[in-house]
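Construct all of the structure, not just a fragment, from the sequences and the given hints.
One-letter residues, chain by chain:
2 protein chains.
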Amino acid sequence: MFHIKTTILVFLVFTVYAYPQAHYGYDLWLGYEKIGNPNLLKEYKDLTKAIYFEDGSDVLNAAKKELITGMEKMLGSTLNFKETPNTNYTLLIAKAATIDPALTKKLSANFYEVGSEGFVLKSVIHRGKKLIVLAANEDIGILYGVFRLLNLMQQQKDLRNITLIEYPKINLRMLNHWDNLDRTVERGYAGYSLWNWHKLPEYIDQRYLDYARANASIGINAVSLTNVNANSHILTPMYLEKVSALANVFRPYGIKVYLTARFSAPMEIGGLKTADPLDADVRQWWNDKVNEIYALIPDFGGFLVKANSEGQPGPQNYGRNHVDGANMLAQALQPHNGLVIWRAFVYSEHDPEDRAKQAYSEFVPFDGQFSDNVLIQTKNGAIDFQPREPFHPMFGAMPNTQLMMEFQITQEYLGFSTHLVFLPQLYKEVLDSDTYSKGKGSTVAKVVDGSLDRNKISGMAGVSNIGNDLNWTGHPFAQANWYGFGRLAWDPYISAETIADEWLKATYSNDPNFVDPVKKMMLISREAVVNYMNPLGLHHIFDTGHHYGPGPWVHDLSRPEWNPTYYHKADAKGIGFNRSHSGSNATGQYATEVAKTFNDPKTCPEEYLLWFHHLPWDYTLKNGLNLWDGMALKYQEGVDQVEEMIETWNKARPYITHEEYQEVQMLLKIQLKEAQWWRNACLLYFQTYSQKALPAGVEKSTKSLEYYQSLKFPFAPGIRPQWD
Amino acid sequence: MFHIKTTILVFLVFTVYAYPQAHYGYDLWLGYEKIGNPNLLKEYKDLTKAIYFEDGSDVLNAAKKELITGMEKMLGSTLNFKETPNTNYTLLIAKAATIDPALTKKLSANFYEVGSEGFVLKSVIHRGKKLIVLAANEDIGILYGVFRLLNLMQQQKDLRNITLIEYPKINLRMLNHWDNLDRTVERGYAGYSLWNWHKLPEYIDQRYLDYARANASIGINAVSLTNVNANSHILTPMYLEKVSALANVFRPYGIKVYLTARFSAPMEIGGLKTADPLDADVRQWWNDKVNEIYALIPDFGGFLVKANSEGQPGPQNYGRNHVDGANMLAQALQPHNGLVIWRAFVYSEHDPEDRAKQAYSEFVPFDGQFSDNVLIQTKNGAIDFQPREPFHPMFGAMPNTQLMMEFQITQEYLGFSTHLVFLPQLYKEVLDSDTYSKGKGSTVAKVVDGSLDRNKISGMAGVSNIGNDLNWTGHPFAQANWYGFGRLAWDPYISAETIADEWLKATYSNDPNFVDPVKKMMLISREAVVNYMNPLGLHHIFDTGHHYGPGPWVHDLSRPEWNPTYYHKADAKGIGFNRSHSGSNATGQYATEVAKTFNDPKTCPEEYLLWFHHLPWDYTLKNGLNLWDGMALKYQEGVDQVEEMIETWNKARPYITHEEYQEVQMLLKIQLKEAQWWRNACLLYFQTYSQKALPAGVEKSTKSLEYYQSLKFPFAPGIRPQWD
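Keeping their order, the protein sequence lines are chains A and B.
Take the first sequence: its letter number 334 is residue 334 in this note's numbering, and every next letter is one higher.
Take the second sequence: its letter number 395 is residue 395 in this note's numbering, and every next letter is one higher.
Heads up, some of the hints might be wrong.
Which chain B residues stay away from chain A? Per the calculated CB distances, all over 10 Å, these [unchecked claim]:
1) N229
2) G270
3) P352
4) E429
5) S509
6) Y566
7) K573
8) P654
What the simulated footprint calls covered on chain A by chain B, stretch by stretch (three residues with Cβ under 8 Å from a Cβ of chain B suffice, anywhere in the stretch; the number is not a length) [what the hints assert, rightly or not]:
9) 135-149
10) 191-197
11) 202-208
12) 463-477
13) 664-673
I should point out that these hints are in silico values taken from the structure, not numbers from a laboratory.
From the three backbone atoms N, C-alpha and C, an ideal C-beta is built for every residue, glycine too.
Dropping the structure here:
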């Protein structure tokens, strides 16, 4: 019937399946793959043979819906809920106050320890029957407990003898969205803003709900919707109605909404002639505005404020200070239990002082002067979200101030959303740092969770990496940074490894042949990026404005501290910023024990070496190499590490779908290319000073320094046109 | 065991399912729901018992993959492919040249009639066996045939006695993306640009593939990736590499890539002192640039050019004309079979002539002077994508020029992506219009498909409504406009009703209780938007810049023809733009028969009345009402029609998922609110001239004209910051 063809027919059908119906990462860590192990499946099914789930509030309804979604997908069967309390249940989910007191006692000696957000998840024998009970004081504890229960099942944990008493160590677990009202996102690399302001308040995008679910699943309970480089329009009635619609979606998931307050709003939208915080009309305007907001959003969280920082207006415009500004807003919010989150990210081009010292100098004198409902939000380091910075000296230095941590989840200085970098490693390094402010063991974590100084309110914020990309975060592994931030805000003492383990199992697979090597890859990834971008304490040598790629040669920007040359200070003699007591004495802002360590290059941890010291090119490192050779080999090591990551991922291929494999593989290839770019550009440039040959083992660039200097990226993502 | 609660326990589980795993519209019309009807399922399974699918090119592989995807989902079983030709097949898919000639003859008397892109799908009895055969001359015909076959199954058509001979009536079936390199989209209302330039060329987003599949499924074979307000950077090596990566993805789906060429590129990126099209260096630069492009993309389509229009550079900057400019580029592209698509959307603030006349005046004198590989792309009407315009007078007036149609799919003047408007109604109205250029029956469709003037190349472009929203187009029903545009570019003679029917069945359901009323709703939707925005020939009375909502009062913009007052010319005596022979004589640009009809308000179709005539407020309409009352009732009718659409959608609820229902319901509520806004604002404003009371049946506004005039939307989507 056919003309016989002599070529061999290779049929696609045997290798290619139909187009995948995957969600391309949309489901995040809440995909709830069906349990494959039949014994475990049976165990879990027995556990859920009969469920009592306390009914009531919107929060409990949301929790129940989550339980159904998660369990039915993992078990592949319909759950069996019982309505009356006299059945033989196997899983009981209820608030402690509604449970038989005899049973409550078996759950916890003192139920109050779990507080308003915690829960107890425990297998108990009660009246001769083995049960699993999830109990909490408040509805939100039930929701968090349901998510934890599902998460344990995703990890295929044995639940038969479980005892879990959990509560968050930090009160405010917050995402900061740097989202503009035109839907661009400052330093956003995952598409447009989630917030479709144009269609709000009527149109509720399904993503708002799925965003709230994802946040609640990791304990995030606060979100600031708008860019800290704020626009007053968000406080106009038209926008507040839209904000209210979002707050309504988030409320059942225990999430409060915050807004960024532009300090000059009373002038811009209020028609006043001043925004002086001590002016009576200004104070009245803010009082009225706050009352207007709470009439719409009774559980509104409060304001996040960037004032007198990088051109943003603030109290200093009127000869007032941060305390005047923050407390003025705090007074307006206080009757509603609202908070002011005042950012400490300040530095001035008019101040010749080392930029790393300025925030401390400006804020520490105010210790103890801020109102009870003010938190001072401080970046993890004293410069700006670099791949590595020593902890910010303000931590430990303001015992009478509620200091809130600000981490960056979006990868402004860490390869955007193209580089695989597991940030919980960075977060943990900071949280575990010892401030020595009350002696050894005074870790940053203890400052942040309030335990060191007995703060009333504690908080941790993460600058969001979320956009409207199908997979939310651009890079699938960047989901792990959102996840990890949430987990650490809940408990800053859990390890990065635990987080990686949980996330991989919930997202990809439980197979140890997949989990173990890929977890190792994640754990090495942050050190890799430090190595190929900013080894040995180098920092802020990024290209201008967009911060994409290397620009250590940039020296002609209008503000001195915007130039990379300000930070590395390379010259014929050596490289590094002398911040020791013989230099800017930034070390003097730390506790004596810390300062002593940092002051001496011999005791200073080498990862901070050039942060604190300007050293000659032939300075001898701990490994015996001279500084130039050591630096060059660090750059090479970063590139090598990315190559190892690629190898690891290639071996992970059998355990995941083709699409999952391919997506990360493509991104790793970009990462490798860019790691090489960093190594080549930085070494070629620094070589013009060191005048030394590359040591053995470091690949030579095939391109010239001039080539790298000629590269321009006018449309790099994450910046707004006016910044070009 | 529990404290008995006296309240009745209402259990969510009985009404609420787990969180949906729907794709939220991501699958478009390619969801391929499983066939429910058991008889039909059996029929289709019999048809696919054994399939022979010719193997070979990437295009054939893509076609086979589509067949597997679509059929396996609809049938719920695995397809059975046979590798050798001597089996008893039931479905044969192969190129005509490889099929038994005796069988080929049964398929078509003359196979060449289907051309290079067409196909034959036919059930035949061959050697005593009943078969279905899909055959084509070229691989791409097979792909189109597979998609049509799947589409027929989605519509649950009986295939047992099928005879379908199909080929596209128009050569170039093209999407124009107005996407900027920073990923904003001019007049885009569905999120960011699909093109993630930052991660290209290495990272191939799954969406690129799914976009190509969707386009191929409706026959689109050309896409211009970048905004007509062009940026030269797209022509630099760095970006061309990225474009090449996209071209590689699109190639197996028969789609060629085009770019917008900024006329001043030789100066901006070429370092030349001029962009004069007659300058030898400029011509050489374009020759070199074109050669560079084709070295990377051997099947590159060509350039789309907006020149000397709204501030874009062009040949007139150098004292040259459109022919000089277009033919210069055409000469560079000609050796590679590339095309120049030169836009006719021109008008000048320095020209006092009626804007509606300017494109005709500027282009018609050049008829016959453009090179063979130039197409002149002309918007459907003489102003700018209004809810209704008479057909552009250039259609029919340039018999020796290849005129290409430009429709707008994105809803710049039609409610953005919040209003449900089925645009094939608009497209068909234009295509069916009779130009009388070669006597009665000289429809615009015949001009566009080239049959009237025997053009070598014909084309139809649609300005894309696609962005990175989960559902691609913002409004789920806006998918129907993408779909419908493609279908009409393939065949401009099919009816809007057929398109609605196909799309509804492929997207939602085959249940006639759903399809029939919802189809009616779609078919009325375009007239509804005309009624509540611009009835009786009114046009361009949109608010400034963003075109969101009414702004008939705007009169102070720098260019006269940017002001709505220029277009409606309302005064105490009446309203409308006199374009008849007693006015601007725009009617004189049409063929005599058409001009005659338009010139007399008594014969002018009332839907164009105020487009061509300035008439007194008490002018008597055909229905006996005076103009003011008739206009007011039209505005009301538009609002009433949206209310009917809401009722229709409420009744459609049982046939779709809760999420599908809810999404459109929320959007229809916005549409109703905005329809009322249009009615109120326009009637309040025009009333200040007519000084007449509203007729019975028209709802009075509860808000004042001043209120409507005070509304500001600085962050309306689809505009770039610099246009604020």
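Right, here's what the structure says about each hint:
1. N229: 14 Å, holds
2. G270: 16 Å, holds
3. P352: At about 34 Å from chain A, B/P352 clears the 10 Å cut-off, so the statement holds.
4. E429: 29 Å, holds
5. S509: 19 Å, holds
6. Y566: 27 Å, holds
7. K573: Given that every Cβ of chain A is farther than 10 Å from that of B/K573, nearest at about 37 Å, it holds.
8. P654: Fine: 21 Å to the nearest Cβ keeps B/P654 off the interface.
9. 135-149: violated (count 0)
10. 191-197: holds (count 3)
11. 202-208: As far as the segment 202-208 of chain A goes, the hint holds, because 5 residues have Cβ atoms under 8 Å from chain B.
12. 463-477: Check passed, 3 qualifying residues.
13. 664-673: holds (count 5)
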